[in-house]
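Participant: Here is how the chains run, residue by residue.
Number of protein chains: 2
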Amino acid sequence: MPSPHNRPRQARQAAPGAEIHAAGSEGKAWRVSEGVIRFDHVAADGQAAFASLAIAGDIIGCETLLLGCYTFRATALTHCRLDPWPEGGSADNATLLASLSRAQQRAADLVALRGGQASDRVLGLIRLLTDPNGRVVLPTRQDIADITALRFETISRIVKQLERSAVIRPIRLDGVHATRSFALASPAG
Amino acid sequence: MPSPHNRPRQARQAAPGAEIHAAGSEGKAWRVSEGVIRFDHVAADGQAAFASLAIAGDIIGCETLLLGCYTFRATALTHCRLDPWPEGGSADNATLLASLSRAQQRAADLVALRGGQASDRVLGLIRLLTDPNGRVVLPTRQDIADITALRFETISRIVKQLERSAVIRPIRLDGVHATRSFALASPAG
DNA sequence: CGAGCACTTGATCTATGTCAACGGTAGTGG
DNA sequence: CCACTACCGTTGACATAGATCAAGTGCTCG
Chain A
127 MPSPHNRPRQ ARQAAPGAEI HAAGSEGKAW RVSEGVIRFD HVAADGQAAF ASLAIAGDII
187 GCETLLLGCY TFRATALTHC RLDPWPEGGS ADNATLLASL SRAQQRAADL VALRGGQASD
247 RVLGLIRLLT DPNGRVVLPT RQDIADITAL RFETISRIVK QLERSAVIRP IRLDGVHATR
307 SFALASPAG
Chain B
127 MPSPHNRPRQ ARQAAPGAEI HAAGSEGKAW RVSEGVIRFD HVAADGQAAF ASLAIAGDII
187 GCETLLLGCY TFRATALTHC RLDPWPEGGS ADNATLLASL SRAQQRAADL VALRGGQASD
247 RVLGLIRLLT DPNGRVVLPT RQDIADITAL RFETISRIVK QLERSAVIRP IRLDGVHATR
307 SFALASPAG
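Sequence lines, in order, name chains A and B.
Residues in the first sequence are numbered from 127 upward in steps of one, following our numbering.
Residues in the second sequence are numbered from 127 upward in steps of one, following our numbering.
Careful, some of the hints might be misleading.
Heads up, simulated DMTMM-like pairs for lysine to aspartate or glutamate below, C-alpha to C-alpha not over 25 Å straight-line [to be verified]: (1) B:LYS154 <-> B:GLU189; (2) B:LYS286 <-> B:ASP300; (3) B:LYS286 <-> B:GLU213; (4) B:LYS154 <-> B:ASP246; (5) A:LYS286 <-> A:ASP246; (6) A:LYS154 <-> A:ASP184; (7) A:LYS154 <-> B:ASP300; (8) B:LYS154 <-> A:ASP235; (9) B:LYS286 <-> B:ASP218; (10) A:LYS154 <-> A:GLU189; (11) B:LYS154 <-> A:ASP218; (12) A:LYS154 <-> B:ASP218.
For the record, the hints were derived by calculation from the structure and aren't laboratory data.
Just so it is clear, the structure is predicted and the values come from calculations on it, not from any experiment.
Kindly generate the complete structure, drawing on both the sequences and the hints.
Facilitator: Below, the structure written as structure tokens:
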């Protein structure tokens, strides 16, 4: 077994639907290098409410550096890859500031996904999740519904409508449900 | 005149409705010691969209430490007092982490204010803004509407209803509109 | 005294929620 | 291979919370 001090912690993978960490559990911070993660606030009575979202590039679990344990439950919405963070040593000031700016930007994005016309919200989320090549792997209809504060039937209707109006085009990706991988027609708004 | 190095920068005040800083303008970071601040994302065409909220205790404008200028427009919703931040010298690691945790918590709060029953959202915001003595100074109906993604007529009806059902009780505070200062009946619902 | 703004309230409309039925696919076990 | 179950997604019919439109009040400021 290699000695711990000269080898970084292993990267982690998570399958869609898998819990990455529980609320209140101990652990470290990670950088999301691939996939989409949902955070839920878990109340004392066990009720879970959607709280936030992390996508590729985001840092998750920063609060463990301060508190030692995670504030929210984290669940993988698509296949995820996580790298230990910070890479070796401790986080420097500039990196933390960058995380903070990014977190505020993400919060504003989330807020925008929960107001206005239903179809705009869903499209907003799709844009947020689309990679630079114009491809998206969507979460389940139910997860999209939780994020946008709509109902899964409404999401289903809207996604189908976007498909029919050729805003998105279904594509076939290995290992993903056929109803969840799309190419986005209009690259930018 | 005292020398600058042994005196902090002056605290700032802002009246309700006043712009604290414009999006993209240069400036520093502040700690909100009193009041409520609204952030708006300002698009290229001048369209403003509600983005986030800061209340007493929050740090605003952290991103200036990294970018030099503000990302969002900030507007005072109630009378605000701001202290320069960090107090003397530069921000340390632990303080930044605390800001980050707080920002994430605030984001989750905001998300919660934009989903579910209209009356619960308004009550949620009222609770968020209530001070430890059970008093609130509310923003205008229109600002509450922007925050909760509802319409001001709906807010008006809900606030009146909360008043009629004695969940909140109007109180008279100097220098505040009579329709905006309340005492909250149930301290922790 | 008039203008402007914030708020209230009523009447009506509609986007989305709700309920219900059904289809496809993956997994499991015979 | 089939039978069975468990999800997830789709679609229709209908209900309703909240939006929209409209009118009017009261306050503050000049």
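Participant: Please go over all the hints and tell whether each is borne out by the structure.
Facilitator: Structure-based check of each hint:
no.: 1; hint: B:LYS154 <-> B:GLU189; result: holds (9 Å)
no.: 2; hint: B:LYS286 <-> B:ASP300; result: holds (21 Å)
no.: 3; hint: B:LYS286 <-> B:GLU213; result: violated (42 Å)
no.: 4; hint: B:LYS154 <-> B:ASP246; result: violated (36 Å)
no.: 5; hint: A:LYS286 <-> A:ASP246; result: holds (14 Å)
no.: 6; hint: A:LYS154 <-> A:ASP184; result: holds (14 Å)
no.: 7; hint: A:LYS154 <-> B:ASP300; result: violated (49 Å)
no.: 8; hint: B:LYS154 <-> A:ASP235; result: holds (23 Å)
no.: 9; hint: B:LYS286 <-> B:ASP218; result: violated (46 Å)
no.: 10; hint: A:LYS154 <-> A:GLU189; result: holds (9 Å)
no.: 11; hint: B:LYS154 <-> A:ASP218; result: holds (20 Å)
no.: 12; hint: A:LYS154 <-> B:ASP218; result: holds (20 Å)
Checked against the numbered hints above, the structure violates hints 3, 4, 7, 9; every other hint is satisfied.
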